[in-house]
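Could you build all of it, start to finish, from the sequences and the hints given here?
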Amino acid sequence: MYLKNLKKLRQKKGWSQEKLAREADISYNTLIKIERGRIKNPKLETLIKLAKALGVSIDELVK
Numbered sequence: 230m231y232l233k234n235l236k237k238l239r240q241k242k243g244w245s246q247e248k249l250a251r252e253a254d255i256s257y258n259t260l261i262k263i264e265r266g267r268i269k270n271p272k273l274e275t276l277i278k279l280a281k282a283l284g285v286s287i288d289e290l291v292k
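Everything in the sequence shown is counted per this note's numbering, starting at 230 for the first residue and increasing by one.
There is no bait here: all hints are sound.
Pairs of lysine-lysine, DSS-like flavour, derived with a Cα cap of 25 Å:
(1) Lys269 x Lys241
(2) Lys262 x Lys237
(3) Lys272 x Lys248
(4) Lys262 x Lys278
It is worth saying that the hints were derived from the structure and are not from the lab.
This is the structure in structure tokens:
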């Protein structure tokens, strides 16, 4: 699962990758790998953290 929408949602909030990683309580390196498609199947826990930080549903994050 490649999170095509992740970068768009992050940029819509005007957040840097560092800011999103901090807000979602995940490592910066993990976020970079997810955005670039190097982590194809992020853990559910990571998806939940990202969605919560961005204020969106997991469905919106992964569409």
